[in-house]
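Asks: Chains as they are written, first to last, in UniProt numbering: chain A, 1 to 526; chain B, 1 to 374.
Hints listed in this document are in silico derivations from the structure and should not be mistaken for laboratory results. Among the hints, a few may not be true.
[Claimed, not checked] Computed footprint of chain B on chain A; a stretch qualifies when at least three of its residues, placed anywhere within it, have a C-beta under 8 Å from a C-beta of chain B:
no.	region
1	6-14
2	69-82
[To be verified] Some but not every residue of chain A turned toward chain B, in silico, with C-beta under 10 Å:
no.	residue
3	ALA65
4	GLY66
5	THR85
6	LEU88
7	LEU89
8	PRO92
9	GLY417
10	ARG421
11	SER423
Where a beta carbon is used, it is the ideal one built from N, C-alpha and C, also for glycine.
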Amino acid sequence: MRSFAALYAALDETTRTGEKVAAIRAYLAAAAPEDAAWAVYFLIGRKPRQVVGTRKLRAWVGDAAGVSEWLFDECHEAVGDLAETAALLLPPPTRTTTLPLHRWVEERLLPLAGLDEAAQRAALREFWDELERGERLVFHKLITGAFRVGVSQRLVIAALAELGDIAPATVAHRLMGAWQPSAAQFRGLVAAESSEPAASRPYPFLLAHPLDTEPAELGPRDAWQAEWKWDGIRAQIVRRGGQLFVWSRGEELIGERFPELAPVAGRLPEGTVLDGELLPWRGDQILPFAELQRRIGRKNLTRTILAEVPAGFLAFDLLEHGGRDIRERPLGERRRLLEQLVTPLAGDALRLSPIVAAAGWDELAALRADSRARNVEGLMLKRKAAPYGVGRVRGDWWKWKLDPLAVDAVLVYAQSGSGRRASLFTDYTFAVWEDGALVPFCKAYSGLTDAELAEVDRFVRGHTLERFGPVRAVTPELVFEIGFEGIARSRRHKSGVAVRFPRILRWRRDKSPADADHLDALRALL
Amino acid sequence: MRDPLIKSTERGLYCAAGDFYIDPWQPVDRAVVTHAHSDHAVPECAHYLTTAPGRELLALRVGEGADIQPLAYGQPIVHHGVGVSLHPAGHILGSAQVRLEHRGEVWLVSGDYKLSPDPTCAPFESVRCHCLISESTFGLPIFRWAPPAATMQDITAWWQANQQAGRTSLLLCYALGKAQRLLAGLDPERGPIYVHGAVERCNAVYRAAGVPLPPAPPVLDAARAAAFERALILAPPSAQNTPWTRRFKRPVRGFASGWMQIRGTRRRRVVDRGFALSDHADWPELLAAIAGSGAERVLLTHGYAQALARHLREQGLDAQPLATRFLGEAGGEEDVHPDMSESPDDAAPDADDTRESDDLQDMLESPADERGRR
Chain A
1 MRSFAALYAA
11 LDETTRTGEK
21 VAAIRAYLAA
31 AAPEDAAWAV
41 YFLIGRKPRQ
51 VVGTRKLRAW
61 VGDAAGVSEW
71 LFDECHEAVG
81 DLAETAALLL
91 PPPTRTTTLP
101 LHRWVEERLL
111 PLAGLDEAAQ
121 RAALREFWDE
131 LERGERLVFH
141 KLITGAFRVG
151 VSQRLVIAAL
161 AELGDIAPAT
171 VAHRLMGAWQ
181 PSAAQFRGLV
191 AAESSEPAAS
201 RPYPFLLAHP
211 LDTEPAELGP
221 RDAWQAEWKW
231 DGIRAQIVRR
241 GGQLFVWSRG
251 EELIGERFPE
261 LAPVAGRLPE
271 GTVLDGELLP
281 WRGDQILPFA
291 ELQRRIGRKN
301 LTRTILAEVP
311 AGFLAFDLLE
321 HGGRDIRERP
331 LGERRRLLEQ
341 LVTPLAGDAL
351 RLSPIVAAAG
361 WDELAALRAD
371 SRARNVEGLM
381 LKRKAAPYGV
391 GRVRGDWWKW
401 KLDPLAVDAV
411 LVYAQSGSGR
421 RASLFTDYTF
431 AVWEDGALVP
441 FCKAYSGLTD
451 AELAEVDRFV
461 RGHTLERFGP
471 VRAVTPELVF
481 EIGFEGIARS
491 RRHKSGVAVR
501 FPRILRWRRD
511 KSPADADHLD
521 ALRALL
Chain B
1 MRDPLIKSTE
11 RGLYCAAGDF
21 YIDPWQPVDR
31 AVVTHAHSDH
41 AVPECAHYLT
51 TAPGRELLAL
61 RVGEGADIQP
71 LAYGQPIVHH
81 GVGVSLHPAG
91 HILGSAQVRL
101 EHRGEVWLVS
111 GDYKLSPDPT
121 CAPFESVRCH
131 CLISESTFGL
141 PIFRWAPPAA
151 TMQDITAWWQ
161 ANQQAGRTSL
171 LLCYALGKAQ
181 RLLAGLDPER
191 GPIYVHGAVE
201 RCNAVYRAAG
211 VPLPPAPPVL
221 DAARAAAFER
231 ALILAPPSAQ
241 NTPWTRRFKR
251 PVRGFASGWM
261 QIRGTRRRRV
271 VDRGFALSDH
281 ADWPELLAAI
291 AGSGAERVLL
301 THGYAQALAR
311 HLREQGLDAQ
321 PLATRFLGEA
331 GGEEDVHPDM
341 SESPDDAAPD
351 ADDTRESDDL
361 QDMLESPADE
371 RGRR
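Construct all of the structure, not just a fragment, from the sequences and the given hints.
Replies: So this is what it looks like as structure tokens:
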């Protein structure tokens, strides 16, 4: 645990990717394979389920530290991180331990889940007394299911590839799908290139970058394949070993959530992997994403909801064909094979993502302007000659989204942020006018520069009207332009609307609250 | 019921009976100054009273021509019937707590203070009083400093690791107080130590006062980048991201401040490493100092005043936050955010200017930053 906590601190202390890779590699090289396996598991963002609720943790830490509930909350607000607050408040340990990471996880952390409350609490008291501050921080993050570390999967892959002297793509592929950390698994992870992939394993998703230039700068129009940018759930369908696996980009198996797929996708030939998007549609009409969310939110997929929001898979790429990994072949060729494969099977549950035909960039731009009416987010531009790369390769796939919808809204509530925004009021609620009153309609956290955040923070402190725990009601004075990707009716929101991906586009210093938009302006966008 | 001996006014803490201010923030006729940090010492007062060991630092802050009356620690004087004496606060060289006595009632203004050991200044002295006005910058139980010797060891180990990587250690710290405390704890045998001009000016005053500091020439006098490879550089936070730091090749940046106790603050400062070394009292020290004063009434100022006051009330004390100039919220200042008063961009005095920025303001870079309000 000690060296893993030291690795966590080292990763936290540098922003240079080279140093991060070096730190991970050094840890993995020195660690026993069973420890290294868990470290990789945590570093790539897999985490054990929460074993201790945050409310319990608060209460027990407060008790052990002799800190009352309100004082704990004040501290939490200042620190902006529960695990860290708890680590800082607890009295110093009286013992030390050299118990290795895998034993901490397997013998102490995971079994906590099976204990009753009194036993959990007693166990934590024992553990705390053996852990110093940095170890406690990591431990708390692990037991509350909040473990996150500032490294991308790419960096972990780079470190593993260096360690095993193998291709990063091989490592990436080995990390996909379901696996349990163990010494053998770690050895397999860094073993020399070999063997067939495990039956269920998907390929790393190729991700697009936002287009930040004029499309004409990409060169000739016919070097690029244009498709709609669908607003659904990115997924891969893996057909191997007589089985069918549907993977989300978050590497979750989600086949059960989409029973429609089983019959038709089951007819795919053995050794096929499709990349595409899960979408709600009825007939030829794509439904808004909010509809799909309604369905995802259900515990039980009732016949009613399946009928109300039918969904299917829209295939746009072919990664494995006849049991062979064809990702290195150019998109043009993959597309031909994809069409041959999917066209005969196409129906309500499986379709081909159509190619958007347009002779020139201008014509394409005109079609893009129409995206909202089609319930798509814009266009995807894919280089026909490009292979299917690993991760966020720049230059081959571009997302050319529509500009966001926007309204001017007034800052009404603020709350302090977490992490690097701890102790700063950076999480805001915005309101628009309705019948002479301000009605909150969304929260937004991003879009301001550090200097602007500091300024708003000062404003909040100087203009607090009321405090509700960590939330401050402020004088409605500051106006911001709020952008969002989509809007839908909502019964759960006071305003009656829910917006998708709201963020601050800019601070409208030129506007006073009276100039802010009315709720009608939002309704008009529905 | 008589008027309180000290009141909070628009210009700062005011003693009506003696007609003088303590650490005023606007020019006044008579100012008693606890120490020379910029949030405690304003220029252009007609008359200053401060400690004898703090006199030169105050002169550096408010100007050589100022009328500054030095007073030895513990020596009482009487002004308009108010007994005044200054007592060591352990914050920086010459820092004082101000004890006022009037008609049998004793008030104590703590100024900034700490109880942990510091070889560069006289140790904090516990003074009994009826009413205590205490700072509360770090008034939350998350603030518990490690023993300073352990933190100095961490800094030394960090320096050593940077040396092995062939990189310069750039340690940001307040130029007055923190820098000298660090210097006094560093081992000059380990490698060359250089300082920013702002630090150098304060060092000169400390050395003249007889505080032993290891040799630490200003960066100006040193040679090229190669000379700094194994070096540790002490510079004020405002030097971060200025052209001045360009002379060091890929420096590793550290920051020594109590605020580094919180990871979020360090990450926001964009430094590689934080060392929680503070010249302010931590939570246990605040509680110890307040209990040691025997005060029945406690007024709190700076930092987490509300939280500390509430905690003290729960312990049965009459405690309140003291309204001060950093207003905005009823009863005090929660304005504790250490870094945002100084955005890195503002700190660059002149983007094209590669000379050292060592104007007076910069030189006496104040721990207002450490408090977050300036």
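Asks: Indicate, hint by hint, whether the structure satisfies it.
Replies: Each hint tested on the structure:
With a threshold of 8 Å between beta carbons, the proposed coverage of the region 6-14 of chain A by chain B holds, since 3 of its residues qualify and at least three are required. Residue count for the region 69-82 of chain A with a Cβ under 8 Å from a Cβ of chain B: 8. That meets the three needed, and the coverage hint holds. The beta carbon of ALA65 of chain A comes within 7 Å of a beta carbon in chain B, closer than 10 Å, and the hint placing it at the interface holds. For the restraint placing GLY66 of chain A at the interface with chain B, the shortest Cβ-Cβ distance is roughly 8 Å, inside the 10 Å limit, so the hint holds.
For THR85 of chain A, the shortest C-beta to C-beta distance to chain B is roughly 6 Å, which falls under 10 Å, so the interface hint holds. For LEU88 of chain A, the shortest C-beta to C-beta distance to chain B is roughly 4 Å, which falls under 10 Å, so the interface hint holds. For the restraint placing LEU89 of chain A at the interface with chain B, the shortest Cβ-Cβ distance is roughly 6 Å, inside the 10 Å limit, so the hint holds. The beta carbon of PRO92 of chain A comes within 9 Å of a beta carbon in chain B, closer than 10 Å, and the hint placing it at the interface holds.
Contact between GLY417 of chain A and chain B, as hinted, is supported at the beta carbon level, the nearest pair being about 8 Å apart and thus within 10 Å. A hinted interface residue such as ARG421 of chain A counts as satisfied when its beta carbon comes closer than 10 Å to some beta carbon of chain B; here the least separation is about 7 Å, so the hint holds. At about 5 Å, the closest approach between the beta carbon of SER423 of chain A and any beta carbon in chain B falls short of 10 Å, and the interface hint on this residue holds.
Hint compliance for this structure: no hint is broken.
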